[in-house]
Amino acid sequence: MQDKIHSSYKQLEQKSKYTNMFLRWFLYFVLVVFALYFIFPLYVMVVTSLKTMEEIRQGTLLTWPSGLNFDSWLVAWGGRGYGAGDTFLKPYFWNSIKMVVPAVFFSTFIGAMAGYVLTKWRFKGDKWVFLFLLFGCFIPYQAILLPMARTLGVLGISNSVIGLVLVHTVYGIPFTTLFFRNFYVSIPSELVKAARIDGAGFFKIFFKILLPVSTPIIVVTIIWQFTQIWNDFLFGSTFSFGEAAPIQVALNNMVLSSTSVKEYNVDMASAIIAGIPTLIVYVLAGKYFIRGLTSGAVKG
Amino acid sequence: MKTLKIDQLSKNFGSTEVLRKINLEIDEGNFLVLLGPSGCGKSTLLNIIAGLETINEGNVHIDDYNVSKVEPKDRNIAMVFQSYALYPSMNVRENMIFGLKQAKVSKEKIEEQLQKVSKFLQVDALLERKPSQLSGGQRQRVAIGRALVREPRIFLFDEPLSNLDAKLRVEMRREIKKLHQQLKTTVVYVTHDQTEAMSLGTNIAIMNHGVIQQNDTPENIYNKPSNTFVADFIGSPSMNLIKGNLKESSNKVSFNTHGSNIEIPINGYDFKEKSNLDNKEVFFGIRPEHIFFKKSNEEDFEINLRADLSEYIGHEQIMTFNFENQEVLAKFPSTVKIDLSKNTKLFFDLTQISLFDAITEERI
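Residue numbers (the numbering used here), protein chains in the order written: chain A, 1 to 300; chain B, 1 to 364.
Incorrect hints may have been included.
What the hints assert, rightly or not - Over 12 Å on every C-beta distance to chain B, these chain A residues come out as not near it, computed from the model:
| no. | residue |
| --- | --- |
| 1 | Trp94 |
| 2 | Tyr141 |
| 3 | Leu145 |
| 4 | Leu178 |
Said to hold, decoys possible - The calculated EDC-like cross-link candidates involving lysine to aspartate or glutamate, where the alpha carbons are at most 16 Å apart (straight line), are:
| no. | chain 1 | residue 1 | chain 2 | residue 2 |
| --- | --- | --- | --- | --- |
| 5 | B | Lys104 | B | Asp74 |
| 6 | B | Lys272 | B | Glu361 |
| 7 | B | Lys130 | B | Glu94 |
| 8 | B | Lys243 | B | Glu327 |
| 9 | A | Lys204 | B | Glu94 |
| 10 | B | Lys342 | B | Glu327 |
| 11 | B | Lys274 | B | Glu248 |
| 12 | B | Lys243 | B | Asp357 |
| 13 | B | Lys2 | B | Asp63 |
| 14 | A | Lys124 | B | Glu53 |
| 15 | B | Lys73 | A | Glu190 |
| 16 | A | Lys208 | B | Glu94 |
Claimed, not checked - What follows is a set of in silico ranges between Cβ atoms, one per label pair, in the way DEER data are often shown:
| no. | chain 1 | residue 1 | chain 2 | residue 2 | range |
| --- | --- | --- | --- | --- | --- |
| 17 | B | Lys130 | A | Phe34 | 39 to 47 Å |
| 18 | A | Cys137 | B | Gly29 | 54 to 62 Å |
| 19 | B | Glu273 | A | Trp121 | 46 to 54 Å |
FYI, nobody ran anything at the bench for these hints, they're computed from the structure.
Positions of the beta carbon are idealized from the N, C-alpha and C atoms, including for glycine.
Construct the entire structure; sequences and hints are all you get.
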């Protein structure tokens, strides 16, 4: 009797072993297919950027380049060295850096402060303030273009990097406030009470007690804001042109304005250069990103 | 001079009344426990004493000085929180001296205080650690240390032991008691745990719905609860409250339940007002520990009750008896064997009873 039961268990065990093995291989298969699908465009971009125009004309998209030829990268970054009509990324890259660094800093800082006030220094109507701030997250970019252009004009900072810094800071505050508010809600208010009894004031509590434990959410906010602002095209193309344009606008101009032959290798190199900074930020801060998004209460 | 005096204090959050006309006084060196169920306003009251909450009406005096509008840091108080509230980014040393640094105390004085307190609380080996590297008990000790270094006039404790496990809680409770015996600082301590309240307090103020129900010594709270709420809240299991009537004839008072022939004589009970007792509807209160299975003194009232249930809890057992269809609980040593569903002879210690008006629920 018992032997019978045992042998039937054995059969079931065998069966489930085969099923599991099959499912596992199937899973890997699906994952590999998706991985290839997603990596394909990147492969084409990198490979094309390393080819000469001659190679591009003769081979297919997938053909391996004859050698490591960075000429098109140099052209994309520094131009060909002849005067008019030579568009290259270098100056615009620095425009973007000059725009993104202060914009990320100010929007993050203001968001942190606002989140701090909305959670630890509650006041009458604070829920409404937060609601209206949230509202800012849902206003489409296009809706504020005209009023913003007018505002920048009145302030005398249209077509300048400073103007773009202002636009991105203002537009970023709803998001950064949301992040910081949700993070600070999970930090016990008793910390603030203890600090008040210890004699610390509004700013001291913020800088000495809350900010030092905010690293995860600061990283999340920086990644979010950096990606948003660096990749923005609409605000950049609307509020700036020529010299003051950020890199995404310059990339567009470069690719569209070539008069004679389409230089795919230079275009691809430019696109990669324009995308590299966000990649770097992700790689450097990525592990904090996940941690920050999922972090719960900070236990004292 | 009263160390702390609260008069006619009221507090609302919007339209909800949290505290209603609270009056409270503490003498120097006393240990006052604010005890009550959650939502009774005890923590709000503590926050008001600390200055962390505003007042709607009334005043708070510390050493006869009206501090109602004084900032928390200037009230000469220190507070220990339930979640410890240690600053996570600072180590133990920085945590403990943060307040003194804010108050611009001289470096030598700070160091002296720190050494004294950290030795006293045995945290001097932990000074360089971060709060996250400490155990629950150590965190608690550091939190107390942070309060101690300030040498406050009044210590405020907000459920400081609730986050600890049962064993550690008992240990820390004794340490707080020792601490108070040594330092003799005035303490206001909030808890919902009656054992903590009983063992620590020199005075207990029992609160419910924003009102102080009774403010008295632990002995009086236990023996002479001023209303049915206090009677029910203190003690485990709580006091038996048997509903019935008083009868008064030729200066003898007795108690019986509706339609029963059991008459319990009320002799030597300290009535607040000995008039209109006849036919008064009352609750007859007797604690489970004052019901015995054998006669302990001559005055004991003998009664036969049916045993319905026995709950074994180790050193003792809690028996449920049927008293004219009302449940009566008694606490016996677990060695006593009592048959269920049978009548058992019990003895009520009538010197320990309480009587409450059935309508007002106040002690009579």
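Here's how the hints hold up against the structure:
1. Trp94: Label holds. Min Cβ-Cβ 35 Å, cutoff 12 Å.
2. Tyr141: Holds: least Cβ distance 37 Å, greater than 12 Å.
3. Leu145: holds (42 Å)
4. Leu178: holds (23 Å)
5. Lys104/B with Asp74/B: holds (13 Å)
6. Lys272/B with Glu361/B: holds (14 Å)
7. Lys130/B with Glu94/B: holds (9 Å)
8. Lys243/B with Glu327/B: holds (11 Å)
9. Lys204/A with Glu94/B: Holds, at about 14 Å.
10. Lys342/B with Glu327/B: Roughly 15 Å between the alpha carbons, so the hint for Lys342/B and Glu327/B holds.
11. Lys274/B with Glu248/B: holds (10 Å)
12. Lys243/B with Asp357/B: Holds, at roughly 10 Å.
13. Lys2/B with Asp63/B: holds (6 Å)
14. Lys124/A with Glu53/B: holds (14 Å)
15. Lys73/B with Glu190/A: It holds: about 15 Å lies between the C-alpha atoms, which stays within 16 Å.
16. Lys208/A with Glu94/B: Since the Cα atoms of Lys208/A and Glu94/B sit roughly 11 Å apart, the hinted pair holds (cutoff 16 Å).
17. Lys130/B with Phe34/A: 39 to 47 Å: holds (43 Å)
18. Cys137/A with Gly29/B: 54 to 62 Å: holds (56 Å)
19. Glu273/B with Trp121/A: 46 to 54 Å: At roughly 52 Å between Cβ atoms, Trp121/A and Glu273/B fall inside 46 to 54 Å, so the hint holds.
Hint violations for this structure: none, all hints satisfied.
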